[in-house]
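Number of protein chains: 2
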Amino acid sequence: MAQGDAPLQVRTLGSFHLGGAFMHVSGTQQVQMTPVAGALPINLDAAGVFPYGQMYVQFTRLHRPRSPHPLFLWHGGGLTGACWESTPDGRPGWQTRFLRRGLDVFNCDAVERGRAGWSRFPQIYPGEPVFMPQHAAWALYRIGEAGAYVEQPQLRRVHAGSRFPAAAFDAFTRQIVPRWTCNDSLIQAAYDALLAREGPCLLVAHSQGAGFALRAASAAPDRVKALVLVEPGGNPLDDAQMRALAAVPVLIVWGDFIASVPFWAQAFRQAQELAQALERLGGDVCVLDLPARGITGNSHLPMMDTNSDAVADMVCDWFIRKGLLEQERGDA
Amino acid sequence: MAQGDAPLQVRTLGSFHLGGAFMHVSGTQQVQMTPVAGALPINLDAAGVFPYGQMYVQFTRLHRPRSPHPLFLWHGGGLTGACWESTPDGRPGWQTRFLRRGLDVFNCDAVERGRAGWSRFPQIYPGEPVFMPQHAAWALYRIGEAGAYVEQPQLRRVHAGSRFPAAAFDAFTRQIVPRWTCNDSLIQAAYDALLAREGPCLLVAHSQGAGFALRAASAAPDRVKALVLVEPGGNPLDDAQMRALAAVPVLIVWGDFIASVPFWAQAFRQAQELAQALERLGGDVCVLDLPARGITGNSHLPMMDTNSDAVADMVCDWFIRKGLLEQERGDA
Chain A
1 MAQGDAPLQV RTLGSFHLGG AFMHVSGTQQ VQMTPVAGAL PINLDAAGVF PYGQMYVQFT
61 RLHRPRSPHP LFLWHGGGLT GACWESTPDG RPGWQTRFLR RGLDVFNCDA VERGRAGWSR
121 FPQIYPGEPV FMPQHAAWAL YRIGEAGAYV EQPQLRRVHA GSRFPAAAFD AFTRQIVPRW
181 TCNDSLIQAA YDALLAREGP CLLVAHSQGA GFALRAASAA PDRVKALVLV EPGGNPLDDA
241 QMRALAAVPV LIVWGDFIAS VPFWAQAFRQ AQELAQALER LGGDVCVLDL PARGITGNSH
301 LPMMDTNSDA VADMVCDWFI RKGLLEQERG DA
Chain B
333 MAQGDAPLQV RTLGSFHLGG AFMHVSGTQQ VQMTPVAGAL PINLDAAGVF PYGQMYVQFT
393 RLHRPRSPHP LFLWHGGGLT GACWESTPDG RPGWQTRFLR RGLDVFNCDA VERGRAGWSR
453 FPQIYPGEPV FMPQHAAWAL YRIGEAGAYV EQPQLRRVHA GSRFPAAAFD AFTRQIVPRW
513 TCNDSLIQAA YDALLAREGP CLLVAHSQGA GFALRAASAA PDRVKALVLV EPGGNPLDDA
573 QMRALAAVPV LIVWGDFIAS VPFWAQAFRQ AQELAQALER LGGDVCVLDL PARGITGNSH
633 LPMMDTNSDA VADMVCDWFI RKGLLEQERG DA
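Residue numbers (the numbering used here), protein chains in the order written: chain A, 1 to 332; chain B, 333 to 664.
I should point out that these hints are in silico values taken from the structure, not numbers from a laboratory.
You may find that some hints are simply not true.
Derived, one-sided and incomplete: chain B residues facing chain A with beta-carbon distance under 8 Å [what the hints assert, rightly or not]:
#1 H349
#2 V363
#3 T412
#4 S418
#5 R612
Quick list of the computed label-pair ranges, beta carbon to beta carbon [claimed, not checked]:
#6 P68/A <-> R396/B: 26 to 34 Å
#7 A572/B <-> Q32/A: 50 to 58 Å
#8 Q362/B <-> P68/A: 31 to 39 Å
#9 Y149/A <-> R601/B: 54 to 62 Å
The C-beta atom is built at its ideal place from N, Cα and C for all residues, glycine as well.
Sequences are here, hints too, so could you generate the full structure?
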């Protein structure tokens, strides 16, 4: 088991932005702004050069990692790297668990999310932001059935046996961020640039992030030593991309209540087909269908569910079986 | 001096969102979204309940901190907590320096910035976002003179003797995020809630963040054991608030080239008046005017300048003089 309450030995921590380009935006508008009451106003020219398409990467490197490769965490749609840091009810998240298991962690915010920043629209992004109301999050993250009743906390009913810390649902929704539907190629390009610069890596990607991870791994299979798809939102790969991906060991993790949302029932089928196709191609693929193994009640957010550490440990044990992570001293 | 390359002994790291409230937004618009190519489309209802006004706090707690109080880092306008993590040219930032000096660090993203997320406008925020072009950042952050020439990297000329890592200016601008001018009360309320929940603290606030810090400290002087205003963007306090603030030790840090920007010349005067007023009230205030002490060349971003560690150490030495931080074993 992990080393409990012993201090983490951290070599370095920090962050960087990477990817994207710079664009000149025209316009004559002046925005006047007073950043602190009583200060002089600042006139900000709306015209000029702006960066766009950059992502944000926060790294925590251990003094003595037990893998030669860092672990990259790629969040799902509507979320940021905050989803891996702590659970909504305040327990240590997967970032801590993976660090304690000996992995350097690179926790990422995709282009347009979180600390990556975002760009003006429609001048740079050709579309409008999309916001997720609480009732949609409740259903899509498979915490409970869809319905307007979710807006009244006292009426919320979780799926029977749910492991999501539902008393912290309001707290969870504070970390949901807007997103656009028009920026997939920018997001992909930045993720690809991250692999080129900081790979090879172990890659854990959640939900929408799994789509970017599948493309990135198939484009640079030598830069991804293992790919963990946590509740993947689909499979965007064509046959040639699938053949390239077959060189990468793949683990697919699923929670419970899949049938409650047609979107997830379809994504589950697509992932089953992905696994079968990789096997036909001679790939190394493992499906960790938690309910099929007797572990029921997980939502779409296993990194936040009450058994989050146990699920992270299953991922680490798979890394160990693949020879990518050393067993801890003192382990059984 | 700090312990160089010895590993940091980290007890816990994680994050949380706090503050704000929930609002029902009406509307009949449905947004259709396909998060991964080939997946079923998701219909997102634009109506529902949304959180707003929350901030983001990322904490790194040491195994053996040398202060009973955590250090809170509050960024300036246009930035996020990323500004403290690493310098744009890839050196460890003030977050690392303060951790190595023995302080637990709470690195914050204000409401509407970075991982705090932001809310739709004009339905929740009654205004438009403001974006900062590169040429405005160059001048306002006092890297060099204002002008459209900044848009051509080969033409950029820094202020004579500048310590800003100007070759990384493009990299720096990737971390600039949009902001609104209509949300000061939301930002303030979340910061006040943070002090109430996690204080007492040592508080380091930069630029626009210093305005929020002054208000927060004057409203809860028992929750702020020391206040460091790094290049404060003004002083929003009235006389009664100033009297409350006089109970808090205050350090004000200034870089160079103040006269190059009227906004900063005015802010500098306001801070001098603040210091004099606190002294008249019997307060404990120290102005660390770096050029006046022979340390020339600092920009508005001393946490990124080439002498960033030295400036952070001056802040730590002031904490030590105030009895708020233990000297390291092995220090002179």
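Hints versus structure:
For the restraint placing H349/B at the interface with chain A, the shortest Cβ-Cβ distance is roughly 4 Å, inside the 8 Å limit, so the hint holds. With a least beta-carbon distance of about 5 Å to chain A, the hint placing V363/B at the interface is held under the 8 Å criterion. Annotation: T412/B was flagged as interfacial toward chain A, and the flag holds, the nearest CB pair being 5 Å apart, inside 8 Å. A cut of 8 Å between beta carbons decides the hint on S418/B: the least distance to chain A is about 4 Å, and the hint holds.
With a least beta-carbon distance of about 19 Å to chain A, the hint placing R612/B at the interface is violated under the 8 Å criterion. Checked against the hint of 26 to 34 Å, the C-beta distance between P68/A and R396/B comes to roughly 30 Å, which is consistent with it. As the Cβ distance of A572/B to Q32/A is approximately 29 Å, the hint placing it in 50 to 58 Å is violated. Q362/B and P68/A have their C-beta atoms about 48 Å apart, which leaves the hinted 31 to 39 Å range violated.
Between Y149/A and R601/B, the C-beta spacing of about 57 Å keeps the proposed range 54 to 62 Å intact.
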